[in-house]
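From just these sequences and the hints, can you work out the full model?
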Amino acid sequence: MHKIFIRSLVSSLVFLFTLTVSAVAKDVKAAFVYIGPTGDHGWTYQHDVGRKAVEAAGFKTTYVEGVPESADAERVLRQLANSGHDVIFTTSFGYMNPTNKVAKEFPNVKFEHATGYKREHPNVSTYAARFYEGRTILGTIAGSMTKSNVIGYVASFPIPEVIRGINSFTLAAQKVNPNIKTKIVWAFTWYDPGKEAEAAKALIDQGADIIAQHTDSTAIVQIAEKAGIFAFGQASDMDKFAPKAVLTSVENNWGPYYVDRVKAVANGTWNQKDTWHGIGDGMVVISDLDSAIPADVRAKVNQLEKDLASGKVHSFTGPIYDQKGNLMVAEGKTADDGMLAGMMTYVKGVEGDIPK
Amino acid sequence: MNLIKIIKRDQPSRTIFFLTPVLAIFLTLVAGGLIFYILGFKPFEALKFFFIVPIADMYGFSELLLKATPLCLIAIGLSFCFKSNNWNIGAEGQLTFGAIVSGGVALLFYNQEGFYILPIVILAGAIGGMLYASIPAILKTYFNTNEILVSLMLVYVSKLILDYLVVGPWSNPEGFNFPETRQFSDSARLPLLAEGLRIHAGIFLALAAVVISWFIFYKTYLGFQMKVSGFSLKTAKYAGYKGKKMIILVFLISGACAGLAGVGEITGPIGQLHREVSPDYGFTAIIVAFLGRLNPVGIIFASLVVAITYLGAETAQIFMQIPKYTGQVFQGMILFFLLASDYLLFFKIKFIGSKK
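Sequence order for the protein chains is D and B. All the letters of the first sequence, read from the start, carry residue numbers 1 to 356 under my numbering. All the letters of the second sequence, read from the start, carry residue numbers 1 to 356 under my numbering.
Heads up, a few of these hints could be off.
A few chain D residues that don't get close to chain B, going by computed Cβ distances all over 10 Å [said to hold, decoys possible]:
1) R298
2) P319
3) A330
4) G332
Output of the computed footprint for chain D on chain B, the stretches with three or more beta carbons under 8 Å from beta carbons of chain D [said to hold, decoys possible]:
5) 162–175
6) 265–278
7) 308–318
No farther apart than 30 Å at their CA atoms in a straight line, the calculated lysine-lysine pairs in the BS3-like style are these [stated by the list, open to error]:
8) D:K101 <-> B:K159
9) D:K29 <-> B:K42
10) D:K118 <-> D:K263
11) D:K175 <-> D:K147
The set of hints was computed from the structure by calculation and includes no laboratory data. By construction, the Cβ of each residue, glycine as well, lies at the ideal position given by its N, Cα and C atoms.
Listed below in structure tokens is the structure:
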């Protein structure tokens, strides 16, 4: 009897303790810093969807939108760190240096920087998504459906992230249709509906009948809709902006990661990490396929999505040649993360040069 | 039966001239409170978070000064142009080009330390701004072009040059091709005024500009020439002033000030060149110049008022979830009410008791 009593006492104490701990844990506050407006229906919009998932998990959140990457970013970060936030997600590359600077001053606050590479202090983690896996799917669809064999691609900045996407897209398209060419227009912006629309028009003039984009606005899919050609959505499901043109979109799904990391802060298990998740971890999601996609392509794409998720297929499997015909990845090999992170050459089949 | 009578003034009123900015700010507060109320926020609480909380402590106040410094500097420069009927709308471009030139010089010394570096970097920025401002000035004086259009269009040119440089030739070789340069060496950075704060020696440049411009405006022949040209170009011509020389001079002064503001940003809080050197200070400074009545002392106050709309917008979003873009609404309202209340300069409103 005595033992049982002690045991139940202990277990009820443990129970009480967990209760208090979880009550404390719920007090964790997360902050999000956005480059654009939450209504951009692209990059920032998707991060805000992720933030709402954190709210739904029972945590308090704050966000500041439209924070320029100028000297202002540092002030916003410091103010958030100073006003009781336990973890701060900085969701644009340009926040990298301010994030690390402010992290040094607030060792008890956790910082999570999207798409960067600097983790100068133990309280800074970085995270990014393997969007190129999604682009393998888009390339497969584009290669199967193009009639002009010219595929347009509106690119933002010549950084490895974007080059990788172009390459992954082109390789996949070539696999189903060796005759295709990918034409690139550099918009030199992440979000500028005017410039993006101009870029899309230029590509249509050059004979592109399908356009992919690595910029965030819905301008391109809308231009495609008007021109009666196909396009792919970026960051969020853009189908509702161009129901006929959009074949599918590559969605950025940050919610699971955000919830995970905020919970880790609450449980005291947060540690510094460099996360790079793809389709398999659910950070990259393919939207519903449009009915314009033929059944055989649809079946192929569904299988490909499964194989990319399981790791059976890798977007960069050799043999891969660059534009000049030099071997980049040998047959049977796959590109490692180091090579992907520094990728600055086009593969064969991409037209033009990378702006230098 | 008229209760209100509007009478034209014989002469614009001096008192009203300096009172209207105050009236404009007051009306902005009232209208702002009303907007907050309509949006469903408590107006007084919102205004408190907007205008008082951000500067309630030493750090906040230092951030206000940091933000006001470039605005004040540029507005002082612009007042030289505006006083003399030269409509330089391109301070943002002159700022950007100044930042490019001084940043280029700072990058030359990226791995060197020495007391001589900072003065060269600062001088380079002023020269860069002057060079860039000389384009609309020369085109105006010798080819009779419209300086509003030329200076405005050159803003976009300067941003494209900056884009090109930070993406291409000047990008950090260790930076994975991201659009940013190396960090400047400490010798190329403006010294901080206090440990832990971001306010830097650039504020002395702004204060010097205030004193010098006051002296020029009110104590020199050039100031008098500017004033006469501002009232009537014909009179200036009749008086025998060499118009061309003065036009070029005021543009050069204006460009130098904008260039120095650019230097302050990149060698102060930012410490490198990247795509977003300024959150459109060059345009906002136009509001500051007019709110300050093109008077150096007035401009100090005006730059503080406008600076707080930036800070307040962040605070209001963090603590009350008010959309951050309301900051820009406030800036627009200030200008709107200022222009509207200028009506009172020329007209008197008389209240008349109703007669039976």
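So which of those numbered hints doesn't the model satisfy? Violated hints: none at all, because every hint is consistent with the structure.
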